[in-house]
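K.L.:
These are the residues of each chain, in order.
Protein chains: 2
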Amino acid sequence: VSGTVEVAQLLFMLVVVLLLAKSASVVFNKFGVPGLIGEIFIGILIANLVIGDWSLLEALGLGGGNNPTENQYILDVLGELGIIFLLFSVGLETRVRELISVGRAAFMVAILGVVIPFGMAYAFMMFQDGNSTHAMFLGAALVATSVGITARVIKDMKLTDTKEAKIIIGAAVIDDVMGMVILAIVVGMATSGSADIMHALTITISAVVFVFATMLFCLKGVPKINEYMKNRLRSQKAQSCDADVQGQAWKAAMMIITCLAFAVISQWIGLAAIIGAFLAGMIFADNIEEWDMKERIDILNIFFVSFFFVNVGLKVDLSSITGEILLLAAVVIIIAFASKYIGCFLGAKFGDKSLDKSSANIIGIGMVPRGEVGIIVASIGLAEYAITGELYTIVVMMSVITTIVAPIFLCRACRKKYCGCQEQNT
Amino acid sequence: VSGTVEVAQLLFMLVVVLLLAKSASVVFNKFGVPGLIGEIFIGILIANLVIGDWSLLEALGLGGGNNPTENQYILDVLGELGIIFLLFSVGLETRVRELISVGRAAFMVAILGVVIPFGMAYAFMMFQDGNSTHAMFLGAALVATSVGITARVIKDMKLTDTKEAKIIIGAAVIDDVMGMVILAIVVGMATSGSADIMHALTITISAVVFVFATMLFCLKGVPKINEYMKNRLRSQKAQSCDADVQGQAWKAAMMIITCLAFAVISQWIGLAAIIGAFLAGMIFADNIEEWDMKERIDILNIFFVSFFFVNVGLKVDLSSITGEILLLAAVVIIIAFASKYIGCFLGAKFGDKSLDKSSANIIGIGMVPRGEVGIIVASIGLAEYAITGELYTIVVMMSVITTIVAPIFLCRACRKKYCGCQEQNT
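So the protein lines, in turn, are chains A and B. The opening residue of the first sequence carries number 1 in my numbering; numbering runs sequentially from there. The opening residue of the second sequence carries number 1 in my numbering; numbering runs sequentially from there.
What the hints contain is simulated information worked out from the structure, not anything from laboratory work. Some hints could be false.
As the list claims (entries may be wrong) - Take a look, some chain B residues computed to stay more than 12 Å from chain A by CB distance:
id: 1; residue: Val50
id: 2; residue: Ile111
id: 3; residue: Asn131
id: 4; residue: Asp196
id: 5; residue: Met198
id: 6; residue: Ile205
id: 7; residue: Glu290
id: 8; residue: Ile408
As the list claims (entries may be wrong) - Here are the simulated lysine-lysine pairs, DSS-like style, with alpha carbons at most 27 Å apart:
id: 9; chain 1: B; residue 1: Lys230; chain 2: A; residue 2: Lys294
id: 10; chain 1: B; residue 1: Lys158; chain 2: A; residue 2: Lys230
id: 11; chain 1: A; residue 1: Lys158; chain 2: B; residue 2: Lys251
id: 12; chain 1: A; residue 1: Lys294; chain 2: B; residue 2: Lys158
id: 13; chain 1: B; residue 1: Lys30; chain 2: A; residue 2: Lys224
id: 14; chain 1: A; residue 1: Lys30; chain 2: B; residue 2: Lys224
What the hints assert, rightly or not - Computed Cβ-Cβ distance ranges for the label pairs, DEER-style:
id: 15; chain 1: B; residue 1: Glu289; chain 2: A; residue 2: Ile100; range: 40 to 46 Å
id: 16; chain 1: A; residue 1: His199; chain 2: B; residue 2: Ile325; range: 50 to 56 Å
id: 17; chain 1: A; residue 1: Arg104; chain 2: B; residue 2: Ala8; range: 28 to 34 Å
id: 18; chain 1: A; residue 1: His199; chain 2: B; residue 2: Trp54; range: 25 to 31 Å
id: 19; chain 1: A; residue 1: Ile225; chain 2: B; residue 2: Glu58; range: 32 to 38 Å
id: 20; chain 1: A; residue 1: Leu326; chain 2: B; residue 2: Glu289; range: 52 to 58 Å
id: 21; chain 1: B; residue 1: Asp196; chain 2: A; residue 2: Val405; range: 55 to 61 Å
id: 22; chain 1: B; residue 1: Ile225; chain 2: A; residue 2: Ile51; range: 30 to 36 Å
id: 23; chain 1: B; residue 1: Ala213; chain 2: A; residue 2: Asp317; range: 38 to 44 Å
Where is the CB? At the ideal position from N, CA and C, for every residue including glycine.
Same shape as in the complex, but just chain A (with noise of 0.2 Å):
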């Protein structure tokens, strides 16, 4: 009756990427690099491992075969999700008012980390080429920030609850924002000419309203249908001897599609799908210790968010990596670290006084992966003929780099501070 389809394949695939990058992790973890670096490492292996004739990318059916890309879009997707219920994870795990109560450091954080990185990767560029296209758009790659990276380190080492993960978390949905606004009005002036007004104004106004009004629901909305729902579920448990088992599902079902549900719309808007996944979690903040859900949810974070690590590992081919473009990105890696550090860190700092050196440079090593939304940003210029494909790799290497070693310092500083708790095995 189903579609089944030929899934052996598939399977086996799936079956040992998990084990690698599993078992990547839990060494990685046991000489204190974090577990996702192992699984990134993984990714890299898997793209690039080839003895003689025999390709590990080839035999897992990820490149080369007979169906690359059919295996190759599932891991994307099971990736996709994955890291959209890590999101949602951390958002169950912050309250809104505890977001609010860090605003102001996070809005400071947030605006000079979008600054300051696009300034010094313009002047950079003007320098370099004096191409002022090429220098806007790599002062938009510079400008985003991937939360994902940090927020798997924070929730892998137990601080989700610290103010520290509140104002990163914080300040990238702001920079999320911040960023889209950007790239709409540098491809707007790329692509014809002029900036794009009404188009970035229009993407301003609605993510504004997205967060604001979930904000507020979250405030307002929540604890009325908390309310409803608990008279409503006290009348049915007199009616049916397992309704309690019924409330749990039909909770996990409704958490699920609430979560999806909010990346869909933060997609139509045009800002990151985890951003709006973020934002659902918040939602269930107030209820999920009471309702017994957190451990569950996370069993989608274990299935799914290995599969998103080792993509991004499987994008990096060494072989294309030339002496030239070595050097040029070694720049613009220093250039893409310093600036986010430095901006944050001040932005902190001046954010919130109460703030001492440590939690400043927790802020600031965290904000600096770029993750995939620096991809997202260079795949765009290369497709509107904006940039040079010299300059997307050296993107692409910057992106990938950053997102391997701010992990590791940030697991320093975050070990420095809070010492004695280690993060998770997996």
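Guided by the hints, dock chain B onto chain A, whose structure is given.
P.N.:
Just chain B, lined up with the frame of chain A:
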């Protein structure tokens, strides 16, 4: 960095399908119809709802649209993962000792549930068009049992612990082994004119070894591993502040990997993936209470399994059904229902004298749904030019109708025997 795909449309499809499926499940349940029928109904609705130029299938990107195959492929894969996790979950609730204790009854149910349907289908087809190849394929299709559908009803009604459930599951495993052997023989006779006895023997032996080796491992290996693990975790706990949480995530990952690995091995041998998943579940059955993993693994079902049942409905193309086909299909459906029911009812009565009529009734109905297995048999027949397109359509209709109708009777029979308990809501 990640291979972030253009997921907006995909996520939209997933969230609409989930929302419709879960809602229909709740509504159908209110009227005493099993929730999975509601989910299949949504599938039929999506496949066939056309208003003027607008079709729901196209709107969801599942057909006719820009990339119909990719969205459909994702749905197939998520559904397949869903049914795998569902059977894993059923395995988690099945201790191997209990399964062995119903071994004789399960074996009798499987034997008579194979011989009678095959004989009746063969006789009917020889009488109908006299083609022995057609007759053999219809026989093989009617032999199939898709335990997934029954497993869902049993699980929703919280009856996994009953003797009837154990017999059905045990018989389904044996039935699957015999069904695959028959299919191998039938395909061999249709393509080369003679039965490939060596091939059939290879499948039989490897399948039996796989099933018995796993059961032996459950009985002998698992207790030893448990002993070792407990000692190891105890020493770890002394070292780190959250070794317990580490252990939980590690256990969950290990369970998921084992489940998928067994599904792959099962497919390699020639059995259904779900048989492997069920056996993998049994490995953890003794630990699942203590590990507190039951509800967590269930989340994987809650997310994935609706896609499977929606998919069942999606394959129903109402417009392809003509009066002539309908008549022949009606006869085949009656044979499919009656032969399996009679065979398994008698098997249960002969196999275990202590079973009363109502228990044999439940077992008989529980074995009726042919699900995807019947369709797979027909697809192979069609691909080998051994059966006609008309007969293929009839087998698909038989599989769909037995899948839709049997749960309704099963639910009623279970409620009659175990009254007071209602099925789950989602």
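K.L.:
Take the hints in turn and mark each one as holding or not.
P.N.:
We went through each hint and held it up to the structure:
| no. | hint | result |
| --- | --- | --- |
| 1 | Val50 | holds, 20 Å |
| 2 | Ile111 | holds, 25 Å |
| 3 | Asn131 | holds, 25 Å |
| 4 | Asp196 | holds, 21 Å |
| 5 | Met198 | holds, 22 Å |
| 6 | Ile205 | holds, 20 Å |
| 7 | Glu290 | holds, 15 Å |
| 8 | Ile408 | holds, 16 Å |
| 9 | B:Lys230 - A:Lys294 | holds, 25 Å |
| 10 | B:Lys158 - A:Lys230 | holds, 24 Å |
| 11 | A:Lys158 - B:Lys251 | holds, 18 Å |
| 12 | A:Lys294 - B:Lys158 | holds, 23 Å |
| 13 | B:Lys30 - A:Lys224 | holds, 25 Å |
| 14 | A:Lys30 - B:Lys224 | holds, 26 Å |
| 15 | B:Glu289 - A:Ile100: 40 to 46 Å | holds, 42 Å |
| 16 | A:His199 - B:Ile325: 50 to 56 Å | holds, 54 Å |
| 17 | A:Arg104 - B:Ala8: 28 to 34 Å | holds, 33 Å |
| 18 | A:His199 - B:Trp54: 25 to 31 Å | holds, 29 Å |
| 19 | A:Ile225 - B:Glu58: 32 to 38 Å | holds, 34 Å |
| 20 | A:Leu326 - B:Glu289: 52 to 58 Å | holds, 55 Å |
| 21 | B:Asp196 - A:Val405: 55 to 61 Å | holds, 58 Å |
| 22 | B:Ile225 - A:Ile51: 30 to 36 Å | holds, 33 Å |
| 23 | B:Ala213 - A:Asp317: 38 to 44 Å | holds, 42 Å |
Of the hints listed earlier, there is not a single one the structure fails to meet.
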